[in-house]
Amino acid sequence: MARRFGMVLDAALLVAMAAGFGMIFFYAPIESEMGIVQKIFYVHVPLAWNAFLGFAIVFFASFRYLATRDPKWDARALAAAEVGVLFTTLVLITGPIWAKPVWGIWWTWDARLTLTLVLWLIYVGYLMLRRYVDSPERRAVLSAVVGVTGFIDVPLVYFAIRWWRTQHPQPVIAGGEGSGLDPRMASTLWVCVAALTLLFIALYRRRLAIEALRARADALREEADAARAEGARS
Amino acid sequence: MFRTASVVLWKDLRIEMRTRDAVSAALVFSILVLVIFNFALDVNTPEMRRLAAGFFWVAFAFAGTLSLNRSFALEKESGAGRALSLAPVDPAGIFLGKALANAVFLAVTQIIVLPLFVVFFDVSVTRAWALAVSFALGSIAFAATGTLFSAIASNTRMRELLLPVLFLPVSVPALIAAVETTSFALGNTESASFWFTLLIVYDVVFVTASLLVFEYVVEE
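Protein chains in written order, with the working numbering: chain A, 1 to 234; chain U, 1 to 220.
Bound conformation, chain A alone (with noise of 0.2 Å):
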């Protein structure tokens, strides 16, 4: 069942994928003022709402495994935490990318993109700290306890940097991309955003998969261990 369900999930991202890419190249008209650059807007909004997505569920998973200590929502926590920091990396390089030619700059210390390094670097904490903790149980419940006051966090850092953002001259943004969207545009957009969300659950319940095994290789070399033991001791 779950098997039939992994396949049919990954023939909607193939089709997704390949039909967005084709509507970005040949069925969304170019933008008048940013020219060609401005189609890594496709990619790069998917990738930051989905990345977004993968820390809410890195809070839920957290919080849910505190309360019931089952290693599955350990699991999801770490998966999702995961793919959201390889998509916030993404979306700090695909940022910039589109930056560079419409702004003339690279970087600039808006509150969307403040925000984005900053969950960032929340998140790439919380994967260095599973790093270094040996005991599994106490890296679970570490790393959920980080979980949870990361998340909280999220609303603090906004407000902050959006009011220091207002007190600081804020380089000129051409039209933001929610103004008078072509409707073309916004229905490659809605395409795109389906095929990277699919792209993030096949990559989160891949994961999954693999940590299932990890869990699985750790309890048969233990269960070998024991048994040596018992060997030697008869």
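Calculated from the structure, these hints are not laboratory results. This structure is a prediction, so every number in the text was calculated from the model and none was measured. There could be a bad hint or two in this list.
If you anchor each label on the Cβ, the simulated ranges turn out as follows [as the list claims (entries may be wrong)]: (1) A:33 with U:212: 46 to 56 Å; (2) A:128 with U:32: 20 to 30 Å; (3) A:128 with U:20: 28 to 38 Å.
Computed far set for chain A versus chain U, every beta-carbon distance over 10 Å [what the hints assert, rightly or not]: (4) 110; (5) 160; (6) 217.
Derived list of chain U stretches under chain A, where covered just means 3 residues or more per stretch with a C-beta under 8 Å from a C-beta of chain A [claimed, not checked]: (7) 176-187; (8) 194-204; (9) 207-219.
C-beta atoms are modelled at their ideal positions from N, C-alpha and C, and glycine is treated no differently.
Since the structure of chain A is provided, determine the placement of chain U on it from the hints.
Then chain U, alone, in the frame of chain A:
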């Protein structure tokens, strides 16, 4: 909870009074940062004086990390951390005591560094009450976040590295608000009510959250 907190607080203060480790390390380090800023940037210009509050809090963010690292390393070395977690007391009380002790260390460091800061950067404190509130709220913010993450990091193999990696990004809102309120106290801005509010909200959110989750951090 409050009895546990006061016992832990007095223990930490007594250790500090005998060794002076946390405050002296933070003090020397923050002076170093201020001196390095002086070399790296020409600070004695009117524009730079407007940024002085930023230099001050950057020095504190790093010096604070240094003394926060000590906070739970001490408990680990002597095995007192295990004894504390075995004791039939409320973990929230342990957190409160440790956090209060760290807030006191940070505040003491700030009070000692302040005159040096005034001398080096040639700033004038135009609103003393605002500076006092900014220091107090900022210390609480750093102590609450820092104590929680210091306890988490002390459980890992790379605690000196992990504390700043975890603590600095999360305390970004507190850092911005602390810089803006201090800037207001130095007469660089006209109003900072939003920033005082944000700092209070941050303190309330993180003290509450830490009190709630601390039991998970200290369990064995």
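Okay, the hints, checked on the actual structure:
no., hint, result
1, A:33 with U:212: 46 to 56 Å, "holds, 50 Å"
2, A:128 with U:32: 20 to 30 Å, "holds, 26 Å"
3, A:128 with U:20: 28 to 38 Å, "holds, 32 Å"
4, 110, "holds, 15 Å"
5, 160, "violated, 4 Å"
6, 217, "holds, 22 Å"
7, 176-187, "holds (count 3)"
8, 194-204, "holds (count 5)"
9, 207-219, "holds (count 6)"
This entry does not satisfy hint 5, going by the numbered hints stated previously; all others are met.
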